[in-house]
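Residue numbers (our numbering), protein chains in the order written: chain A, 9 to 219; chain B, 9 to 219.
If you're looking for bench data, these hints aren't it; they were derived computationally from the structure. All of these numbers come straight from a predicted model, not from anything done at the bench. Check each hint, because a few of them may be wrong.
The list cannot tell twin chains apart, which means a pair is met if one copy fits it or any two copies do.
Stated by the list, open to error - Within a straight-line C-alpha distance of at most 20 Å, the following computed PhoX-like cross-link-like pairs (lysine-lysine) qualify:
1) Lys121 x Lys76
2) Lys76 x Lys218
3) Lys205 x Lys218
4) Lys23 x Lys76
5) Lys62 x Lys218
There are 2 protein chains.
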Amino acid sequence: MELIEQLSWRYATKKFDDQRLLSAEQIEVIQQSFGLTATSYGLQPLKLVVVQDKAIQEQLVAHSFGQKQVGQASAVLVICVEQVVDAAFVENYFDRVQQVRNTPAEVLAPFRKHLLENFVTKPKEDLQLWASKQAYIALGNLLTTCAIHRIDSCPMEGFSPQGYDEVLGLTSRGLTATLVMPIGYRASDDFMASLAKVRRPISEVIIEIKG
Amino acid sequence: MELIEQLSWRYATKKFDDQRLLSAEQIEVIQQSFGLTATSYGLQPLKLVVVQDKAIQEQLVAHSFGQKQVGQASAVLVICVEQVVDAAFVENYFDRVQQVRNTPAEVLAPFRKHLLENFVTKPKEDLQLWASKQAYIALGNLLTTCAIHRIDSCPMEGFSPQGYDEVLGLTSRGLTATLVMPIGYRASDDFMASLAKVRRPISEVIIEIKG
């Protein structure tokens with residue numbers, strides 16, 4: 009039940025200690041964890057921008073409805089989706105499967121054909137929605153990753169993707185900012201830290217169907 | 009780096025050992041972890057159906073494009089969204105905040121008003137989309153929760169929500185099945201278990217912006 013204690017410790021940090029920095033090793037674990045996130049078909053239509061630059065973070069505050077934690081945090085994680093998931097992107101995935109697993113091309117051919125047809129015919133909005141859902145899987149994984157390592161975090165949907173794109177040059181990298189997550193250490197006077205966690209009772213959110 | 013080893017161990021299990029069952033304690037950890045998942049505004053528009061009934065699981069296989077792991081697994085987790093997130097649902101949340109934290113009603117009033125206006129005016133499709141994204145956070149959390157506890161899992165978007173609704177009686181509970189995740193132990197002959205993990209290189213999916 010150690011994990012349950014860790015997840016209970018986690019809360020959406022509203023004020024970070026702007027003097028305490030995460031170590032390079034902690035950032036490394038987060039990056040590796042992000043890269044191991046499960047995604048639909050294993051396609052990984054995501055990138056993670058890791059901002060550790062207070063001046064840039066301050067610029068992002070203005071595009072985050074003034075939420076100061078973006079400026080205070082040791083780092084700001086910006087989970088981005090790929091703007092283009094096209095035939096080349098899918099082909100690239102299958103090339104990687106062939107390389108890593110040595111799978112013969114003829115074994116992969118039916119699935120490759122199926123995915124290519126699927127992704128080439130899908131409207132761009134559907135693809136963006138599909139990709140953005142994968143960003144939420146990454147968020148769920150990263151929140152837990154941080155809690156386990158006693159790293160404070162604040163998951164955020166409320167920000168201006170256009171503003172983030174401008175400050176971080178995301179469009180030129182083919183990315184759209186989808187979720188934001190400042191990480192670091194809670195300030196000793198963050199009043200949110202002391203508040204009891206509010207949750208629907210387990211009996212209300214779990215339905216057991218047993219044979 | 010223990011977590012990285014655990015996440016690397018995880019894979020989308022295609023064949024489960026149908027003789028090995030998870031313990032009540034393992035199921036308990038998963039339920040608690042689900043209940044602690046972060047969600048937008050803390051509203052938790054989700055429920056988790058935990059199916060441990062092979063006869064019912066067999067019925068679900070037909071609604072999962074024939075994917076046998078749903079029948080073999082020790083349990084099938086069905087992450088569901090609430091079909092109705094209305095004023096009463098939001099009020100219920102604020103009542104809980106008041107109870108748990110003893111927050112005076114006047115302190116909560118502005119946020120309460122804001123959320124109520126937000127949720128009452130939003131079209132039903134927007135609310136369902138918002139809720140379904142939260143289901144993906146839960147999936148990300150549960151996949152990591154399982155990996156840490158050496159529980160095998162298979163995240164699935166491919167199934168018939170209508171079929172699941174029929175078999176599990178979800179509509180009468182006000183729920184829509186959104187994501188499915190059979191869990192248990194990998195079969196010793198699951199050929200997927202031995203395959204190397206295919207991932208875009210970390211250098212390709214991480215962008216560092218440092219001051």
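Of all the hints numbered above, which does this structure not satisfy? Sort the numbers upward. 1, 3
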